[in-house]
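The listed protein sequences correspond, in order, to chains Y and B. Residue 426 in the UniProt record's numbering is what sits at position 426 of the first sequence, and the numbering runs on without skipping anything. Residue 229 in the UniProt record's numbering is what sits at position 229 of the second sequence, and the numbering runs on without skipping anything.
Rather than coming from a laboratory, the hints here were simulated on the basis of the structure. Be aware that one or more of the hints could be misleading.
Unchecked claim - To spell it out: a stretch of chain B is covered by chain Y in this simulated footprint if at least three of its residues, at any positions, have a beta carbon under 8 Å from a beta carbon of chain Y; those stretches are: (1) 175-183; (2) 222-230.
Claimed, not checked - List time: in silico DSBU-like cross-link candidates among lysine-lysine, alpha-carbon distance up to 30 Å: (3) B:K172 - Y:K119; (4) Y:K89 - B:K172; (5) Y:K119 - B:K306; (6) B:K270 - Y:K108; (7) Y:K268 - Y:K253; (8) Y:K247 - Y:K274; (9) Y:K247 - Y:K89; (10) Y:K137 - B:K306; (11) B:K4 - Y:K108; (12) B:K4 - B:K270.
C-beta atoms are modelled at their ideal positions from N, C-alpha and C, and glycine is treated no differently.
The residues making up each chain are set out below.
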Amino acid sequence: MGYIIEMLNITKDFPGIRANDNVTLQVEERSIHALLGENGAGKSTLMSILFGLYKAEQGSIRIRGKEVSIEDPNVATSLGIGMVHQHFKLVQNFTVTENIVLGSEPRKGILLDTRSAEKKVESISKLYGLAVDPRAKIEDISVGMQQRVEILKMLYRDAEILIFDEPTAVLTPQEIHELMQIMRRLVEEGKTIVLITHKLKEIKAVADRCTVLRRGRCVGTVPVASTTEEQMAEMMVGREVNFHVEKGAAAPKDVLLRIRDLDVKNSKGLLGVKKLSLEVRAGEILGLCGIDGNGQTELIQAITGLAKAESGHIFLREKEITNLPIRERLDLGLGHIPEDRHRHGLVLDFNLDENLVLHNYMQRPFASWGVLNKKAIKDNAARLIEEFDVRSGQGAATPARSMSGGNQQKAIVAREIDRSPDVFIVAQPTRGLDVGAIEYIHKRIVAERDKGKAILLASLELDEIMDVSDRIAVIHEGEIVGIVQAAQTDENELGLMMSGSLRKTPKGGQA
Amino acid sequence: MSIKILFEMFPIALMFASPIIIAALGGLFSERSGVVNIALEGIMMVGAFSAATVTVLLEESTVLAPWLGLAAGLVAGIVFSLLHAVASVNMRADQTISGTALNILAGGLTVYLCQIIFRQQRTRAFSNGIQKVTVPLLEKIPVLGRMFFIENYPTFFLAIFLVFFTWILVYKTPFGLRLRSCGEHPQAAASMGINVAWMRYFGVMASGALAGLAGGIMVLTADIQYTLVTIHGTGFIALASLVFGKWNPFGVLGAGLFFGFSTALSFYAKDITFLASLPGEFFYALPYVLTIVALVVFAGKSVGPKAAGQIYDSGRR
Numbered sequence: 001m002g003y004i005i006e007m008l009n010i011t012k013d014f015p016g017i018r019a020n021d022n023v024t025l026q027v028e029e030r031s032i033h034a035l036l037g038e039n040g041a042g043k044s045t046l047m048s049i050l051f052g053l054y055k056a057e058q059g060s061i062r063i064r065g066k067e068v069s070i071e072d073p074n075v076a077t078s079l080g081i082g083m084v085h086q087h088f089k090l091v092q093n094f095t096v097t098e099n100i101v102l103g104s105e106p107r108k109g110i111l112l113d114t115r116s117a118e119k120k121v122e123s124i125s126k127l128y129g130l131a132v133d134p135r136a137k138i139e140d141i142s143v144g145m146q147q148r149v150e151i152l153k154m155l156y157r158d159a160e161i162l163i164f165d166e167p168t169a170v171l172t173p174q175e176i177h178e179l180m181q182i183m184r185r186l187v188e189e190g191k192t193i194v195l196i197t198h199k200l201k202e203i204k205a206v207a208d209r210c211t212v213l214r215r216g217r218c219v220g221t222v223p224v225a226s227t228t229e230e231q232m233a234e235m236m237v238g239r240e241v242n243f244h245v246e247k248g249a250a251a252p253k254d255v256l257l258r259i260r261d262l263d264v265k266n267s268k269g270l271l272g273v274k275k276l277s278l279e280v281r282a283g284e285i286l287g288l289c290g291i292d293g294n295g296q297t298e299l300i301q302a303i304t305g306l307a308k309a310e311s312g313h314i315f316l317r318e319k320e321i322t323n324l325p326i327r328e329r330l331d332l333g334l335g336h337i338p339e340d341r342h343r344h345g346l347v348l349d350f351n352l353d354e355n356l357v358l359h360n361y362m363q364r365p366f367a368s369w370g371v372l373n374k375k376a377i378k379d380n381a382a383r384l385i386e387e388f389d390v391r392s393g394q395g396a397a398t399p400a401r402s403m404s405g406g407n408q409q410k411a412i413v414a415r416e417i418d419r420s421p422d423v424f425i426v427a428q429p430t431r432g433l434d435v436g437a438i439e440y441i442h443k444r445i446v447a448e449r450d451k452g453k454a455i456l457l458a459s460l461e462l463d464e465i466m467d468v469s470d471r472i473a474v475i476h477e478g479e480i481v482g483i484v485q486a487a488q489t490d491e492n493e494l495g496l497m498m499s500g501s502l503r504k505t506p507k508g509g510q511a
Numbered sequence: 001m002s003i004k005i006l007f008e009m010f011p012i013a014l015m016f017a018s019p020i021i022i023a024a025l026g027g028l029f030s031e032r033s034g035v036v037n038i039a040l041e042g043i044m045m046v047g048a049f050s051a052a053t054v055t056v057l058l059e060e061s062t063v064l065a066p067w068l069g070l071a072a073g074l075v076a077g078i079v080f081s082l083l084h085a086v087a088s089v090n091m092r093a094d095q096t097i098s099g100t101a102l103n104i105l106a107g108g109l110t111v112y113l114c115q116i117i118f119r120q121q122r123t124r125a126f127s128n129g130i131q132k133v134t135v136p137l138l139e140k141i142p143v144l145g146r147m148f149f150i151e152n153y154p155t156f157f158l159a160i161f162l163v164f165f166t167w168i169l170v171y172k173t174p175f176g177l178r179l180r181s182c183g184e185h186p187q188a189a190a191s192m193g194i195n196v197a198w199m200r201y202f203g204v205m206a207s208g209a210l211a212g213l214a215g216g217i218m219v220l221t222a223d224i225q226y227t228l229v230t231i232h233g234t235g236f237i238a239l240a241s242l243v244f245g246k247w248n249p250f251g252v253l254g255a256g257l258f259f260g261f262s263t264a265l266s267f268y269a270k271d272i273t274f275l276a277s278l279p280g281e282f283f284y285a286l287p288y289v290l291t292i293v294a295l296v297v298f299a300g301k302s303v304g305p306k307a308a309g310q311i312y313d314s315g316r317r
C-alpha cells in the first residue's frame, strides 16, 4: 500500500509565529491517520495547506505520488480532497439536498433537478450507512446529522481523501460512537481519512497511525495499536503527563459561600433550581455534578449575577449578595470562570490585553481620571501572559477571537486568578481543551484551594469532578440529592445519584 | 360599499401596486444575495427622472417614447445602484449608511439634472405616458375581465410576469439556490466555490434595474412629469412590502396589492358610505402608517435572509 498523501518538509509562517516548521506527513491509502497535537500546535494549519486555504512557504505536496500545487480549495476538490470543518458551513433553512448539491447542481434544462439530486444523495447516504433524510431542513436536524451532511457534501463530489477537523468536539457520546462506525465504513469503501484531534481515546478507537505535532514541529509518526495513550500524550506535550491531579488533603475552614433555599427560573420560565441550599468552605473544592440541564447553569448564573434569584439567599462570607449587581459581587471577592467563554468570558473583538482588565479597567493603575492607561494595561498583559503561558500570535495585541480555545481559557483563568477572589466559581473549565492545558488549569485550581479560597467547580466530565474535588454535590432536577466525599465515592454511586435513583445526605451536616 | 366602486378601484389600485411590486422584487434580489438595499426610493427617483426625460425628449419623433423611457429608467437604475454595490461589496461599507446616502443623493442629482436640461426644477410635462389597454377576448371573462383586463395599464401585466419570473429564477434554478445561499450563509457558499462578491453584485444590480423600471412606470402612469415628490415614499412602501411578503415573490405580490388598494382607497373613500365620515387626510396617511406598522411589527423577526446586511468576511467563524 503506497502513500496517497505526502506533505514533505512543509514550513508555514504567520505574523510572529512559525505555525509549521519542516513538517512531513505521509498518509497510507485506505487508512485512518490521526494528526495529534495541542491547541495551536499547527494541525489545522497543516490541513489548511493541504486543502488550499493557505500556501506553504517551503515544502512540497504529492498526491498519489504526483507532485501538485494546491492553489485554492477548488484544486483540492478536483484532487479528491474534502474537508469537514469544525464549524459547519451549512445553510440553516435549506434542505439537506440543497446544501449538498450547492455549487454543482444537477440540471433539467435551466431548472434545478431536485428529484435526481435527492435520489443521488439518498443512494450515497445508503452506501455509507449515514441514514440522512435528503428532504429534511438543516435547522430541524441534530448536530450529529448536520455533520453527516458535511460528510455527504464531500462524497457527492467524489472525494477520496476526507479531512475531519476536531469532529467530535460538538457531538454527544452516542453520536461520537456512531461517527467512529461511519469512519470505519468509509475506509472499507476505499476512502482515506485524516483525523485532526487532541483526544487520545478517539485515536485509540479508530486510527491506524498517528502523527504528533508539537509547537509546529513534527515529533514523530507511530502505529496506534502498539502505542499507549500515555506515550502519545507525552509526545504531544513534550513531558510526562499526569492524568491524575496531584493534591494533598483539604483543610476546610470557614464557610465562605452559603446558599439558602434558592429558587431560580430557567430559560423556559420554569424553576430550574428549587429550594437549593449549599455551603462551600475556605480551602476546599466542592464539585457540582449532574446530567446536563439539571440546574447547574441556573445555579451558577444566580450566584454570579447573570440570572435573577426568584427567592432564597446567597451569602458571601456574611454579606448577602442575592440581589447585588455583578460588579459589586466581584468587588466583594467573587471570581467566575464562565461556562460559555465566548459569551460571558471574553469580548471576542477586543485584544488580549483589554480582555485581561475587563473587570478592573477603571481602577488605578489601568485608568486615572477616567482615561485608560494603555501602558499599564499592556504591562499587566505581558506579566499574565508570561505567568500563565498564554500563547498567541501577536502577544498582548492579539484579538481574542483569533486565539485558540485553550489559550482563550488560559486568559480567563489568568484574569480571574490574578484578582485572587475568595470565592471562585468555576464552570466547565476544561471543555474542548487538550491534556496539557487541562493539567495546567487543574493545577492552578488546586493551588487556589491551598491558598485558602473556596471553590465551586461545575463540570459535566465525571473524571474531572472526581479528580479535582474534595467533596461532591450531586444536582438532579434543580435539587441537591446528595453530598459525598470525593475519596469515598465512585462513578457508579455518582451515576445513580445523578439519575435521581439514590439520595444521600452527609452524616451530621446539612444538605 | 357598492360593488361598482370596488370595480372602479381596480385600475387605479393596480396602477399604484405595479411599481410597488416591481421595486419590492428588486429589493428581494438584493436582500436574497445578502445586501440590504434601502436605496430603493432613491433608485426609483433616478429611474423616474430618466424615464420622464427620455419620454419628453423623444415623444416628437416616435410613439414608442414611453417604452424607451422605461428602458432608460431601467438602465439608469442599474448604473445608480452600482454605487451601492461598490460601497457594500468592495468597500465593505455599512449597507444602511450607503443606502441612505443614495437616497439623499438621488433627490439632489435629479433636480440638478432637471435644471441643466430643462432650466427648471422638474422635467417638462410629457403629453402621453403609458396608455391603458383593454385585452381582447380576456375582457369577456365574467368578473375577472372587469377587474383586470378592461382599461388597465399593461405595466401591471409586466409586474405579474416579473413575479413569476423571479419566483422561478430564485426558487427553481441552480442560480437561485446560489443567490439565496449568499444571503443566508456566504461562508458556506464560498466554500462550495461560489463567488459571493459577484452574486452580491448581481443582486444589487437586479434591484437597480427593477427599482429603476418601477420608478419609470410610476412617473409614466401616475404623473405627468418628474418632480422631487413623484416617488413620495413608494420605495419605502416597497421595502415594507418585501418585509410584509416575507421575502417571497408571491408574498410581495400580495403585499403590493394591499398597499395599492390602500392608496386607491384615499380616492374613493368619499364614495363609500361608512368611510366617508373620516377625514380625507386619514386615507392619504394610511399607506404610510401601514408601512410603519409593518416595519415595526416584522422588523424584529428573523424571517429574512440571515446574512442580509452583513459584510462578507471569508475568515469569520
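So, going through the hints one by one against the coordinates:
1. 175-183: holds (count 5)
2. 222-230: violated (count 0)
3. B:K172 - Y:K119: holds (17 Å)
4. Y:K89 - B:K172: Status holds; Cα separation ~22 Å.
5. Y:K119 - B:K306: holds (29 Å)
6. B:K270 - Y:K108: violated (54 Å)
7. Y:K268 - Y:K253: Violated. K268 (chain Y) to K253 (chain Y) sits at ~38 Å, over the 30 Å cutoff.
8. Y:K247 - Y:K274: violated (33 Å)
9. Y:K247 - Y:K89: violated (43 Å)
10. Y:K137 - B:K306: Status holds; Cα separation ~15 Å.
11. B:K4 - Y:K108: violated (47 Å)
12. B:K4 - B:K270: holds (14 Å)
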